[in-house]
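Chemist: Chains as they are written, first to last, in the numbering used here: chain A, 1 to 251; chain B, 252 to 456.
Just so you know, the hints here were simulated from the structure itself, not pulled from any lab data.
Incorrect hints may have been included.
[Said to hold, decoys possible] Partial chain B-side listing against chain A, Cβ under 10 Å, derived:
#1 Asn269
#2 Leu318
#3 Pro319
#4 Tyr320
#5 Thr323
[Stated by the list, open to error] Label-pair restraints from in silico Cβ distances:
#6 A:Ile104 with B:Gln402: 13 to 21 Å
#7 A:Ser84 with B:Thr395: 29 to 37 Å
#8 B:Pro290 with A:Arg50: 45 to 53 Å
#9 A:Gly112 with B:Thr352: 52 to 60 Å
#10 B:Ala265 with A:Ile104: 27 to 35 Å
#11 B:Thr264 with A:Ile104: 24 to 32 Å
#12 A:Phe59 with B:Leu272: 22 to 30 Å
Note that the Cβ used here is the ideal one computed from N, Cα and C, for glycine as well.
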Amino acid sequence: MLSRLVFVSANALKSSGPIGAGLVQVSHLHTSPQSLVPVPPLPEKGGKVRHGIIPDEIFQTLYPKTGVTGPYMLGTGLLLYMLSKEIYVINHETFAAASIGAVIIYGVKTFGPSVAEFADKLNEEKVAKAQEVKDLAMASLALAVENEKKEQWRVDGRQMLFAAKKNNVAMLLETNRRERQHMVHNEVKKRLDYQLALQNLHRRMEQEHMVNWVEKNVINSITPQQEKESIAKCITDLKALAKATQAKATA
Amino acid sequence: LSHLPWILFPTPTARWLNNRLLTLQGWFINRFTQQLLLPLNVGGHKWATILTSLMLFLITLNMLGLLPYTFTPTTQLSLNMGLAVPLWLATVIIGMQNQPTAALGHLLPKGTPVPLIPVLIIIQTISLFIRPLALGVRLTANLTAGHLLIQLIATAAFVLLPIMPTVALLTSVVLFLLTLLEVAVAMIQAYVFVLLMSLYLQQNV
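The shape of chain B in the complex, shown without the other chains (with noise of 0.2 Å):
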């Protein structure tokens, strides 16, 4: 059962016309590379492959986790920075080698009033250096609260069973609805560190 991510995703065969499922994975992954890379000009679709595999990466990960008994990765600190940290240096490199007067420029809206400059360049500062905190602990505690939720409501039902079963079924309820928007969560969650590391390439790249 541990080589359940694997099974998921077969390899690509040599055939023209696949079975569902390699159908239906070709055609998303094509969609979504397609759509990620719209807003990214020619030197951002170099980015094409890391971005996409992420995006299966981290929705496999938050997606089987919901299944009882399985440990989810993306629920640890480490992990998420471990993706975030990298990902985001690579982007502020590029963009301070390869164009230095914008990427810095990012760090003045156009527009402010004058005497606010000085501050607004400390606050751009801050809010750059937070963004792969931002990240990791985004993604984290997303995760980590919404297993969290399932388990401490399943213990309630299931205590609840022998003393007061329709309040243990009503729970049962609220644990069904927030499985619902758990599973969302994962896959929104997923996209949106996608999302915000191509935006963040696309500034600098």
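So that you can see chain A by itself, here it is in the shape it has in the complex (with noise of 0.2 Å):
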């Protein structure tokens, strides 16, 4: 959005005349949709160059041509030439020169490696800045997916307890109903035992008061004739049998 805003901007400044040009600068702004990230990297390493300051490339150059002491005698013959045709005029400022440029090799030579260290390790401190902080995020994503996996288990977990608990739930209306089956069964046979009772009781008292019916008929039919005869029966009997017992005793 800001770039749009920007680019909107810029427009209306580059058409405001000289003063807008001057003030925009355009390699700032996304003019072009060419992505301006990623940066291509740099380089690892700096341009090789020979005795601090000439490029290697110029010995690469001349050396099919002139072999390797090509550079030295092009250096040397410019210089002899620069001095013989007093083009370079040797005067104090050349002591001068010198002098300063012993201080810059010193100073280049000793403290150099450790400057570049320390440049290299802010650079490094920075990157392990930002390497800290993404590692840090990368471990707590981690452990989030961990929990996560270990939530999804436990979800799991519970469709288990859920039909355990089904299970509970169907066992006791299974119990239920067979306690209630029981119950019927023994109600209808409490009524049908009943019923059974009721009717044996019948037949029992039919049969008694037929049985009393047939005793006071007999008792009524016999006459006081038949009374006597057997009174008199029983009196004979009785006393054969006293006899018999008697005789039974003695013997």
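Given two chains presented individually in distinct reference frames, assemble the corresponding complex, making use of the accompanying hints.
Modeler: Next comes the structure, spelled out in structure tokens:
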């Protein structure tokens, strides 16, 4: 969004004349669809140099034609040419130049490596800080993933819990149903037993009544004549029996 | 070769990690600004850019002036006065605008015996007005003297070389030591300039 704002304001500024063009730095505007990021990486080392200031490319260019000593001959020749033709005049400034040159070379040789190491350390510290943030973030995210997986496992366990509970409830219902069935069975049996007992009672009462009626009729049908005869018979039987018993007792 | 000063300070890139030169420059600028702004309160922090860039400007000019056949602008009184007077005047005006009593109070140090007060006020006023002059002339004089010494001793060595080579050699040694001193002086003078300016600012802001 900000880039669009810059683009619009840049157009407005550019059209406002020489001052506008001077204020706007075109290189910082996103005026082309080509993306500026990611930038290509910097080379690991600087350009190769010989003797501290002369690039190695000059030696490489001259090597096919003049061999290894070519650039040195060129340098010496140029120097001698300039001295002999007095293009470069030796005066007091030469001594001053030699002096400051010695100071510079001494400084670079002594402090060069340590300064370079310091600069590299600054960059490395920057990278280490960002890396640490990234590592922490990654560790915390991995932990979050672990926790999520554990929660999912717990959810599966919950399914098992629900199944067990359903089982429990089903069992309770079944038990209840069986109890009630048993009760119904018992009640029905009680009623049937009652009916049975009732019928038995009926039959027994009928039987007794019939027996009583038969006895009554029989007793009523016994004439006095029959009664006397039976009593006489009983007496004779008793006498005979007494005799038999006596005989058994004395024997 | 006249583009040398600008080549030494490449434009900061759009990168997060830079090459060694840019990293070191960035580190130096950050540290210097942080140290410079320590004694200043928040109002003085507005001067961070100008003071740091002034420091870089003076250090670069002084150090590059030590190379042969180079012109050092800071040897000219006009440039140094042109830097010192406006900045000093700005600090004074800011002080008078924002806190006139405190700014005028600097004219009388604490704990002066009563009879000395009038004399001291006059002395402090003169001291106040001589500050830009002192700043400019200090820088000019130090650098001009240094350059002059280098030139003279180099001439001496050059002239003595055909006549008495040994003495010429000794003179060259002196020249070497002097150059070391000049390098130090170049950096120190730039720093002193900016430091005093920040001091005046601290008193007044």
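Chemist: Of the hints given before, which are not true for this structure?
Modeler: 5
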